[in-house]
Each structure stands twice: as C-alpha cells, then as structure tokens.
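> Residues per chain are reported as follows:
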Amino acid sequence: MNKAEVKKLSFYYSSVQALKDISLPIEEKKVTAVIGPSGCGKSTLLRCFNRMHDLYPGNRYDGEILLHPDSINLVGAHIDPIEIRMRIGMVFQKPNPFPKSIYENVVYGLKVRGIKKKRLIDEKCEKSLRDAALWEEVKDRLHKPAFNLSGGQQQRLCIARALATEPEILLFDEPTSALDPIATARVEELIEELKEKVTIVIVTHNMQQAARISDSTAFLYMGELIEFGKTKQLFTNPREKKTEDYITGRFG
Amino acid sequence: MILFLAAFSSIAITAGIIGILLYESLQFFKVVSLVDFLTDRKWTPLFADAHYGIMSLASGTLVTSIVALVLALPVGTIIAIYLSEYAPYRMREILKPLIELLGAIPTVIYGYFALLFVTPLLQFFLPHLSTFNMLSAGLVMGVMIIPYVSSLSEDAMRGVPMHIREASYAMGATRFQTALGAVMPSAFSGISSAYILAFSRAIGETMVVAIAAGMQPNFTIDPREPAATITAYIVQVSLGDLPHGTIGYQTIFAAGLMLFSMTFLFNLMGHFLKKRFRKVY
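Line order of the protein sequences matches chains A and B.
Using the working numbering, the letters of the first sequence map in sequence onto residues 1 to 252.
Using the working numbering, the letters of the second sequence map in sequence onto residues 1001 to 1281.
Bound conformation, chain B alone:
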C-alpha cells in the first residue's frame, strides 16, 4: 500500500503540475488568441504596447539548445565510443566518474563561466560579439550535457553482447569499424534515448542562459546575438513582483506550457523512434 502510494504520488504531482499549467494558460488564452501567441514576433507582455509572440522566446531556446547539441552530441558520442570500445578497464574506471562530475557542477557556476570566461575568449575571435550572446551560453550548456550523452551512450554500447562484436572482428574489421558498423547500430535505441534526454535537458536549462545569453527577447536565429529563452523569461518575471491573476502573471504559465509541449513532443518522438528501431539480439 505504501509502495503504491509512493508510486502514485509521482503521477499525482505530475498531473497537478499539468493541471495548473493548463488552468492558468487557459486564463491567458482568454485574453490573447493562440494565433497571436504563435505568430507575433514580439514578446513584450509588460509594456504598455503589449505583444505576446512566444516565438521570440522559443527561438532563443531552440538556438541555444542547438548550439549545445552541436557540441555535446558528437563529443559525447566519441567519448562513449572511446570508453566502451577502446579504454582499458582501469582507464574507464577513472575517466567515467570524472566526466560525470561535469554534470555535478552547479549550473549557476556554468552560467558565470560562460559570461566571464567563454564570452571574452570568443570575443577574441569574433570582436563584435555582444557581452550577452547565445553562442557562449549554448557552448557551455553543451559541455554541461556531455556527461548525459557519453554516460548513457556508453552504457548502451557496453550492453551490446560480445558475440555481435566477435562477428564483426571475425570479418576482419578494425576496432573503429566494429564500433561504428556493429556496436553503434546495435545500441541505437539506447543512444537515441541519450540524445533525447540531452535535448530535453538543453531546452529546460535555465541558469546558464539567464546569466550568459541575456534577458532580451529577440526573434533571431543568429547565435551571436543576445536573446532570452523561455526559461530565462520565466525566472526573470517570477523573481519580480507581479500581482497574482494579472495577464503578466499568466504569461509565465503560457510560456511554461510552451516549454512543456516542446519537451513532451521530443520525448514522444524519441519514444516512437525507439520502438521503431528496437533491436532484439
């Protein structure tokens, strides 16, 4: 009974969160039409001339996430291949926890690392880069999610039975050919869930982008520009003193719902992808 309650409580909490998100968003959408919400290119809910175009926040979220993934997916995958197929036992036992430590650093530290170290460094190569920019925030976020990609992909690759590797080696394949041609296809479903988790993590990340990418909503796909993400907006507004029940207050929930829909969509896609390619060996 206690076990059931424990399991049930997590479902209840999730349902509660979704319920509040939907309820408050509904209030919001009574005032602002869904079409305006999705097509307006400005997000100025607290100005006299209020605009509610979520896309200028969503673009910030997507650009920073894509920059992060462009770094984290290849690097994380290469680390996973090294750890699973090349590293001697002892090396792996030392390296893996060290890499996982990257995920244990508080995100606020990553944020200031991006703002105060990576941005000046990038400005050295790109002199016109603004102090707040999505490139630096995205790259640091990428470093932050490398352990998610590498650790989960490595688990998936190590779970591939030895007889699959032997089949490849027996054909005269090198270690690299075996890793790419036999091990990775066999671990596809595990590796894809690692990628999807990394993506959800990047979309939902708040601190790094709030600190290093700026707080200005900006409808752009240029990573050199400053821009606010959905999460940065939520944290910015909820730290202020917006009265309960106002439209400004409800924007938080509408933005939250947007964020939730994005991660939900990707998780769903990942789920179907996994089912489609599930391998039994």
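The following block holds chain A by itself, in its conformation from the complex:
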C-alpha cells in the first residue's frame, strides 16, 4: 500500500533546478530513506512534502506528490500549505524546541488547531511523550523550560511535538546529525517503533543509519533519482554503478 506517490516532481530555487523529474512511491507504515551526497537535493525533496519551500519567495514546484487515500496533490498550486502541514509532521536536523515549557512545546500543534479542552490536551501530551520515549524522563518537570533538556531529549521532544497532532506522514530531516552516538541510537530505536503507527520518510547522510532502519531507500545524485529499491537490495546488490560507488564510499 502506498501512502504517497511522488510523480515527475521537479523543483526550482528561482531559476536553479534542484530536483529533476523524480518519481517514487512512499509505502504506508514503512520507513523510506533518502540518501545521497551533500547538495544532491535530498532535503529539498523532503521539504516539498510539507511545502516548507513556500516560506521563501521565488520557489517553484512542478509535477505532483499525491497523498492517499484522498489523492490530494501536496504541491498543487491551489492547495493551502497550512492544510498540508496539518497532516504531515516534520522533525528537523537541529533540535528546535520553542522557548517554552516541555508541556507547551508538545501541545503547540494542538493549540494551533484551536483545541481547547484541557483534559484532551493533557492526555495527548502524555501519550505523545510516551510514544517518543520521553515520558519517564520528563513527567515530573513538564512545566520546566524545554531548553534544560539535553540535545537528545530535545530531539525526542520535537518528535513528541510532531506526534501530538497524529500526522499521516512524519518527515525526518537528518534528525541525528547533531546528536551523540547514544542519543542517535535512541532516536533510531524510536523511529523503528514509530513505523507501526505512522509512515516515515527520513533523509540521512549516514548510510549505515539508512541501512539499519529503513525498508526502502532512494539514492539521489545531483537532483536526480538514481536508484530506488528495497533497502536490503539497494545496499547489497545495487543496480546502478553510481549507487555502488556511493555506498562503497568511492565518493560523497
């Protein structure tokens, strides 16, 4: 089952084409990894899914990303990006909690959606923090500033924040690149648990990470999709010469 399909997607930063004619399926409740060398367009591709590019002037999409079951085109010109972002969550490269309490951070998305019922909000807060494997560590200091948490905890808090609104797809943009190995391992474990509940797309520059946690992998190079396939197949028996060169460390 596909949760989304990228179809002939191109993307332009003003006049520079950053993505060229990309097509790939995103399987439901699976982890899809996007790998490739710096500047290959992997983050650009991820940020098309929740229309982050709309925040900056001069950007243009071509082609479509269909979100199922209603087959809405995520990059359609007449589709409101806010509506899209309500359905698709994102976790960023650097933990970016708000300068508020832990509780306020988790419930931010609920407040944004106009949910007012205190009990509902409290329940969702606890559930999201449990799902993000952070509840036990923070349950006694929910109303303390989020900045007091360690980097790894902050990143799990950002995951809880994204989970609170029950997104259909959760995007991870190199979520562990600012974390130490132990915090990285915890986030990776978490991603594997989360795929029971939500479809995940993760961008990573770390090939071992992609190999460890993803079901399918897309390899991007210079804005083009070179190869897409089951992770196991792509890493053990790549069809393309470029993919092989990249995963064996000959460049990148």
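Warning: the hint list may mix true and false statements.
[To be verified] Okay, derived cross-link-like pairs now, PhoX-like style, lysine-lysine, Cα gap no bigger than 20 Å in a straight line: (1) A:K30 to A:K195; (2) A:K197 to A:K29; (3) B:K1275 to A:K100; (4) A:K242 to A:K29; (5) A:K242 to A:K230; (6) A:K29 to A:K100; (7) A:K144 to B:K1274; (8) A:K100 to A:K111; (9) B:K1274 to A:K100; (10) A:K111 to A:K127; (11) A:K144 to B:K1275; (12) A:K230 to A:K7.
[To be verified] Some, not all, of what chain A presents toward chain B, calculated at C-beta under 8 Å: (13) M52; (14) H53; (15) L55; (16) G58; (17) I79; (18) I82; (19) R85; (20) M90; (21) F92; (22) N96; (23) F98; (24) K100; (25) G109; (26) R113.
Don't read these hints as lab results, they were simulated from the structure.
Just so you know, even glycine gets a beta-carbon here, dropped at the ideal spot from N, CA and C.
Assemble chain B onto chain A, guided by the hints.
Same frame as chain A, but now just chain B:
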C-alpha cells in the same frame, strides 16, 4: 590608552553627575525630611507656605508616561510584527526609516503639536478637557516613542533564527500564530529591553509635557487634568533666577534625584527580567 580614556570619560561623567545630584540633594534633605518629601501631597517650594511633596510631581510623570506607553507599546509591537513577519523586503526598507523619522522630529514641535492640535481635537470629544492636560501630552509622547518600541522589537524578532519559525510553520501554524507563539517568546529579552527603554524615555521626556501638560503641580491620577511632571518642574525653575545655594535651587537636584531613581529602578528591573528569561537558541 586613548581608547581607555574615551571609555573611562563616560563613566567619569556619569559618576560626576550622580555625585552632584547626591551632594546638592543632601543639602536639601538637611532642611526637608525624606518622609515629608515622599508623603506630602503639595509641591510649593517657592511659596511662603512651602511644601515639598515630590509625589505631586511624580504622579504627573507617571500618568503621562503610562498614557504614552498604553499607546506606544501595542502600536509599536504591532508595527514590529508587521515589519518582521509580514512585510515584503522592499516595503520594510521603505517603512522602517519612515517610522524612525518620527523619533527625529524635535520634541518642541511635538509639544506644540499636542497643545495646538491634539488638545483641540480631544476637546471635540471631551468638551470639559482643560487646555493643558496630561492626556494629550501623553498621547503625543506615545507617538514620539513608537519608533523606539517598533525598531528595537523588530530587530529582536528578526534576530530569531529561521529554524524556530520553521518549527512552528511545520506544525501547521499560520503566520500570525507563528509570530505570537514562536517568534515573540524567542525575542522576549530584546522586546522587553525595547519596552524598558521606551519607559525610561517617557519618564525623562521634558519638552512635550512642559508645553502641553501645564506647569501646575497636581496630585492626581486623572489624565484629563493639567499637571506638572518632574522634568517640567526642573526646566521651569532652572529657567528662572534662583540664587545658588537656596532651598529652591536645591529642590531641582532633589527632583532630579527622584527622576534618576525612577529610571534607574526600571532599568534594573529590566536587567533582571532579561537575565531571568534569557533564551539561548
């Protein structure tokens, strides 16, 4: 060495000013007790029946300042949000200097603008408003300090890194929700220093209130009344010909010390507030 002297001179000058303020005030407080100074409700230092109640001047200062802030803080903040979060680049480049120009108009012009334009306008709605009143002076002073609030708050908000905004937008927040829920809390320390600067500026403002609010000390909190502020009193008395060393002359310094204590207190409060809420992102 020259650099050090330059830096040192500003400290020396400040110390000198405080020294003279304290010395002359001390002479004053040899005659008038501090309790009378703070509790007497009349300020008539030059009358035969002399009273030295600073509160009737301080009330004028506080009322005009509060009227000014009630106007300047919300308007200035809204302008800052617009400039930082909504305005396209070109619009901001035109609007910001224009607003900052408000701060470049000589204060004496603001004073007569309040007296000769704003007061008659207000009298249209409030027929019993006296010619000299704190409301009009305060409002015009508010317009005058809008650029302080808007410009500094905008700088603080624009200094908030983009990844904070992205986090908010990615949650499905609108521009307005992002400005209020993510950008403003992140810029809290900068915005609060803008507010404190605006307050100090309002307390210390002289010309507008001396011209438009009247020169009569008046212990009241009703902004429709005329009243003298501390600064208006100082300028009024120092323009006269009071002999050096008299009690009347020393009142200037006592009033000045009061003013200094008020701004100092607020700056101090602001400093602690900033430290308490300092955010590292």
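> Run every hint past the structure and note whether it holds.
Tested hints:
Between K30 (chain A) and K195 (chain A) the CA atoms are separated by roughly 6 Å; this keeps the pair inside 20 Å, and the hint holds. Annotation: proposed proximity of K197 (chain A) to K29 (chain A) holds, straight-line Cα distance about 6 Å (limit 20 Å). Taking the CA atoms of K1275 (chain B) and K100 (chain A), the gap is near 16 Å; set against the 20 Å cutoff, the hint holds. In summary, the hint linking K242 (chain A) to K29 (chain A) is not supported, as the alpha carbons are separated by about 29 Å, beyond the 20 Å threshold.
With a C-alpha separation of about 17 Å, the suggested pair K242 (chain A) and K230 (chain A) falls inside the 20 Å cut-off, and the hint holds. Of the pairs offered as hints, the one joining K29 (chain A) and K100 (chain A) is violated, with about 32 Å between alpha carbons and a cut-off of 20 Å exceeded. With a C-alpha separation of about 18 Å, the suggested pairing of K144 (chain A) with K1274 (chain B) holds against the 20 Å cut-off. The straight-line distance between the Cα atoms of K100 (chain A) and K111 (chain A) is roughly 13 Å, inside the 20 Å bound, and the hint therefore holds.
For the given pair, K1274 (chain B) sits about 15 Å from K100 (chain A) by alpha-carbon distance, which is consistent with the 20 Å threshold. For the given pair, K111 (chain A) sits about 16 Å from K127 (chain A) by alpha-carbon distance, which is consistent with the 20 Å threshold. In summary, the hint linking K144 (chain A) to K1275 (chain B) is supported, as the alpha carbons are separated by about 17 Å, within the 20 Å threshold. Distance hint between K230 (chain A) and K7 (chain A) is fulfilled; the C-alpha atoms sit about 19 Å from each other, no more than 20 Å.
For M52 (chain A), the suggested interface contact is upheld, since its CB lies about 6 Å from the closest CB of chain B, less than 8 Å. Interface restraint check: H53 (chain A) against chain B, minimum CB-CB distance 11 Å, threshold 8 Å, status violated. For L55 (chain A), the shortest C-beta to C-beta distance to chain B is roughly 6 Å, which falls under 8 Å, so the interface hint holds. The criterion of a C-beta within 8 Å of any C-beta in chain B is not met by G58 (chain A), whose closest approach is roughly 11 Å, and the hint is violated.
Interface restraint check: I79 (chain A) against chain B, minimum CB-CB distance 13 Å, threshold 8 Å, status violated. Annotation: I82 (chain A) was flagged as interfacial toward chain B, and the flag holds, the nearest CB pair being 6 Å apart, inside 8 Å. Nearest Cβ of chain B to the Cβ of R85 (chain A): about 4 Å, under the 8 Å cut. The hint holds. The closest approach between the C-beta of M90 (chain A) and any C-beta of chain B is roughly 4 Å, which is under the 8 Å cut-off, so the hint is satisfied.
Because the closest C-beta pair between F92 (chain A) and chain B is about 6 Å apart, less than 8 Å, the hint holds. Given the 8 Å rule on beta carbons, the hint for N96 (chain A) holds: about 4 Å separates it from the nearest Cβ of chain B. At about 5 Å, the closest approach between the beta carbon of F98 (chain A) and any beta carbon in chain B falls short of 8 Å, and the interface hint on this residue holds. Hint status for K100 (chain A): holds, given a least beta-carbon distance of 6 Å to chain B, under 8 Å.
Evaluation of the G109 (chain A) hint against chain B yields a held restraint, the C-beta minimum of about 4 Å falling below 8 Å. Here the hint on R113 (chain A) is kept, as its CB sits about 7 Å from the closest CB of chain B, short of 8 Å.
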